[in-house]
Amino acid sequence: MKIGYRNMKRLKHQSTVAACYILAVIFFFPIFWMVLTSFKTELQAISVPPLFFFEPTLENFSIVQERSDYFKYATNSIITSFGATIFALIIAVPSAYSMAFFPGRFTKDILLWMLSTKMLPAVGVLMPVYLLADSAGLLDTKTVLIIIFAMMNLPIIMWLLFSYFKEIPNEILEASRMDGCSTMDELRHIVLPLSWGGIASAALLCIVLCWNEAFWAINLTAGDAGTLTALIASYSSPEGLFWSKLSAASTLACAPIVIFGWFCQKQLVQGLTFGAVK
Amino acid sequence: MKVSYTKALQAPSIILLLLWMIVPLSMTLYFSFMRYNLLYPERTGFTGSLNYDFFLTDPALFDAVLNTLTLVGSIITISVVLGMGIALLLQEAFRGRGIVRVMLISPFFIMPTVNALIWKNMFMNPVYGLFAFVSGLFGWPIIDWLSDLPLLSIIIMLSWQWTPFALLIFMTSLQSMDKEQIEAAEIEGASFWSKFYYLTLPHLLRAIAVVIMIQAIFHLSIFAEIFVTTGGGPGYDSTNTTFLIFTQALLQFDVGVASAGGVFAIIIANIIAFFLIKTVAQGMAK
Numbered sequence: 001m002k003i004g005y006r007n008m009k010r011l012k013h014q015s016t017v018a019a020c021y022i023l024a025v026i027f028f029f030p031i032f033w034m035v036l037t038s039f040k041t042e043l044q045a046i047s048v049p050p051l052f053f054f055e056p057t058l059e060n061f062s063i064v065q066e067r068s069d070y071f072k073y074a075t076n077s078i079i080t081s082f083g084a085t086i087f088a089l090i091i092a093v094p095s096a097y098s099m100a101f102f103p104g105r106f107t108k109d110i111l112l113w114m115l116s117t118k119m120l121p122a123v124g125v126l127m128p129v130y131l132l133a134d135s136a137g138l139l140d141t142k143t144v145l146i147i148i149f150a151m152m153n154l155p156i157i158m159w160l161l162f163s164y165f166k167e168i169p170n171e172i173l174e175a176s177r178m179d180g181c182s183t184m185d186e187l188r189h190i191v192l193p194l195s196w197g198g199i200a201s202a203a204l205l206c207i208v209l210c211w212n213e214a215f216w217a218i219n220l221t222a223g224d225a226g227t228l229t230a231l232i233a234s235y236s237s238p239e240g241l242f243w244s245k246l247s248a249a250s251t252l253a254c255a256p257i258v259i260f261g262w263f264c265q266k267q268l269v270q271g272l273t274f275g276a277v278k
Numbered sequence: 001m002k003v004s005y006t007k008a009l010q011a012p013s014i015i016l017l018l019l020w021m022i023v024p025l026s027m028t029l030y031f032s033f034m035r036y037n038l039l040y041p042e043r044t045g046f047t048g049s050l051n052y053d054f055f056l057t058d059p060a061l062f063d064a065v066l067n068t069l070t071l072v073g074s075i076i077t078i079s080v081v082l083g084m085g086i087a088l089l090l091q092e093a094f095r096g097r098g099i100v101r102v103m104l105i106s107p108f109f110i111m112p113t114v115n116a117l118i119w120k121n122m123f124m125n126p127v128y129g130l131f132a133f134v135s136g137l138f139g140w141p142i143i144d145w146l147s148d149l150p151l152l153s154i155i156i157m158l159s160w161q162w163t164p165f166a167l168l169i170f171m172t173s174l175q176s177m178d179k180e181q182i183e184a185a186e187i188e189g190a191s192f193w194s195k196f197y198y199l200t201l202p203h204l205l206r207a208i209a210v211v212i213m214i215q216a217i218f219h220l221s222i223f224a225e226i227f228v229t230t231g232g233g234p235g236y237d238s239t240n241t242t243f244l245i246f247t248q249a250l251l252q253f254d255v256g257v258a259s260a261g262g263v264f265a266i267i268i269a270n271i272i273a274f275f276l277i278k279t280v281a282q283g284m285a286k
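First to last, the protein sequences are chains L and E. Just so you know, we're using our numbering here: the first sequence kicks off at 1 and counts up by one. Just so you know, we're using our numbering here: the second sequence kicks off at 1 and counts up by one.
Some hints here could point you the wrong way.
Below, computed lysine-lysine pairings styled on DSSO-like, alpha-carbon distance capped at 27 angstroms [claimed, not checked]:
#1 Lys9/L with Lys179/E
#2 Lys142/L with Lys118/L
#3 Lys166/L with Lys108/L
#4 Lys195/E with Lys12/L
#5 Lys166/L with Lys7/E
#6 Lys7/E with Lys9/L
#7 Lys166/L with Lys118/L
#8 Lys179/E with Lys195/E
A few chain L residues that don't get close to chain E, going by computed Cβ distances all over 12 angstroms [to be verified]:
#9 Asn7
#10 Lys12
#11 Glu66
#12 Ile79
#13 Ile190
#14 Asp224
Example chain L residues on the side facing chain E (calculated, C-beta under 8 angstroms, incomplete) [unchecked claim]:
#15 Pro128
#16 Ser135
#17 Leu154
Simulated from the structure, these hints should not be mistaken for laboratory data. Backbone N, C-alpha and C fix where the C-beta goes; we use that ideal spot for every residue, glycine too.
Between the sequences and the hints, there should be enough to build the whole structure, so can you do that?
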């Protein structure tokens, strides 16, 4: 049998599309399965063979809320991730602006050094930070998480903003200076509006990273300031055998950020590549 | 006048990061030479290199370093290769591509702890897990993933999470590729591999560098996945340096030894960072 060029091409197209769909199903399946399990009873959750069709129940979600006050943890997550992001942006925007438009002799070295602080493994400084937080009376508070999250992400935000500001053509700024704009006016009326997309994507990335941060959240908080990552970790051992409750808690913990991520995936890509990948 | 103003704008970020780096680092250095165990607060004083001797002769240390390098190396390799492959497939236009894309990217937004729990319970459990069920269907031997193959299990979890990240970056990078060049190569009858090698790969080089660097930063200190699933075990089979120091610091309350370990981890990270930042960040700073 002879396959013509056109048939060959169509076959190639169809198999590519099929491969894409299969891969998407494989990658998404664990999330789908988690959500499905959260609507099962405990017995259905561990049934062999696994159940795909069953009568869904909302019981798990109400039990999770009853037992551990989901909304408190969710509020903590929202406050710490948004608070840290805003804090980091307030520090980073003016710095990145002045580095991008008035670079000094050491600007590039400073930026590289900033990135290198990201290489400091958190565990290497766990004890000092723990003791400092303890002596400042900040253990198990949202303040300490906001400070740490902001410092962790500051280098990445600086890099992002720097590269976005760099893309603004210098002529525009020179024109505005001729017209007698002050530095603050320039930042407010020209630089910020032009790089709004870049700032938004830096913020999004920072929020996602803070939301999912586990190391500091687990080690520095207990009941009061625990974020959703700490909530899930606390569920893992005592409730480890109760899969459907655990799945309900996990679904609740991840849903906000996953949906947030779906809406923002385009901006996120720009952010993650440091604006370097066109 | 102008110069001092710009300096004032830069100062907060530089000072804060400097504090964030210097204060804990110097405290870690200081503790690493002191006798300091939270369980025995009365024993204090300078111990010289005793903490380092203790940490460096820990029989688990070699395993931990090896595990760390295995984790970093294999997760990066898997996610870059898979991510690039999928990104190339997704260049084909078809109906439903948007949904396929969202489904493929979703694992990146899942919390590390949740990621670990999903796999631990619902897939790798030897009795009720889906893997055991599928093995049973085909009559394959049933594997207790977390105790038989702990490191591989963790590699699977993290690759599932980070392949979408690599994919995300490669997809955007591919969008800016010159379509006419590819068409010209196709008309000339270039094979898939030569198109890939001479056109696609060079275009993706910078994106690959970004993916490797960001992932290396995160994978050098994998913590949540190990904490929630294997707890470093069985034995030290899935303990990485982060987890080893964590057990020293918080489970044995030995601040001195944990600090020595911290200094060690910082040195390792900086050796790797030195090469990465040199090659990658210099390019990105342009």
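Comparing the hints with the structure gives:
Distance hint between lysine 9/L and lysine 179/E is fulfilled; the C-alpha atoms sit about 18 angstroms from each other, no more than 27 angstroms. For the hint linking lysine 142/L to lysine 118/L, the alpha-carbon distance of about 22 angstroms falls within 27 angstroms, and the restraint holds. Proximity of lysine 166/L to lysine 108/L is assessed by CA-CA distance (about 13 angstroms); at most 27 angstroms being required, the pair is judged to hold. Between lysine 195/E and lysine 12/L the CA atoms are separated by roughly 17 angstroms; this keeps the pair inside 27 angstroms, and the hint holds.
Between lysine 166/L and lysine 7/E, the direct Cα distance comes to roughly 18 angstroms. Compliance with the 27 angstroms bound is thereby established for this hinted pair. For a cut-off of 27 angstroms, the pair hint linking lysine 7/E to lysine 9/L is broken: about 60 angstroms separates their Cα positions. As the CA atoms of lysine 166/L and lysine 118/L are separated by approximately 22 angstroms, the hinted pair is consistent with the 27 angstroms bound. For the suggested pair lysine 179/E and lysine 195/E, the alpha carbons sit about 12 angstroms apart, so the restraint of at most 27 angstroms is met.
Every CB of chain E is more than 12 angstroms from the CB of asparagine 7/L (nearest about 17 angstroms), matching its label as outside the interface. Not every Cβ of chain E is farther than 12 angstroms from the Cβ of lysine 12/L; the closest lies at roughly 9 angstroms, contradicting the non-interface assignment. No Cβ of chain E comes within 12 angstroms of the Cβ of glutamate 66/L; the nearest lies about 20 angstroms off, and the non-interface call holds. The beta carbon of isoleucine 79/L sits about 17 angstroms from the closest Cβ of chain E, which is more than 12 angstroms, so the claim that it is off the interface holds.
With a closest Cβ-Cβ approach of about 16 angstroms to chain E, isoleucine 190/L is found to remain outside the 12 angstroms limit, as its non-interface label requires. Every C-beta of chain E lies more than 12 angstroms from that of aspartate 224/L, the closest at about 19 angstroms, which supports listing it as non-interface. Given hint, proline 128/L at the interface with chain E, holds; its Cβ is 4 angstroms from that chain's nearest Cβ, closer than 8 angstroms. Against a cut-off of 8 angstroms between C-beta atoms, the interface hint on serine 135/L is violated, since the closest Cβ of chain E lies about 11 angstroms away.
Annotation: leucine 154/L was flagged as interfacial toward chain E, and the flag holds, the nearest CB pair being 6 angstroms apart, inside 8 angstroms.
In summary, the structure is inconsistent with hints 6, 10, 16 from the numbered list given earlier, while agreeing with the others.
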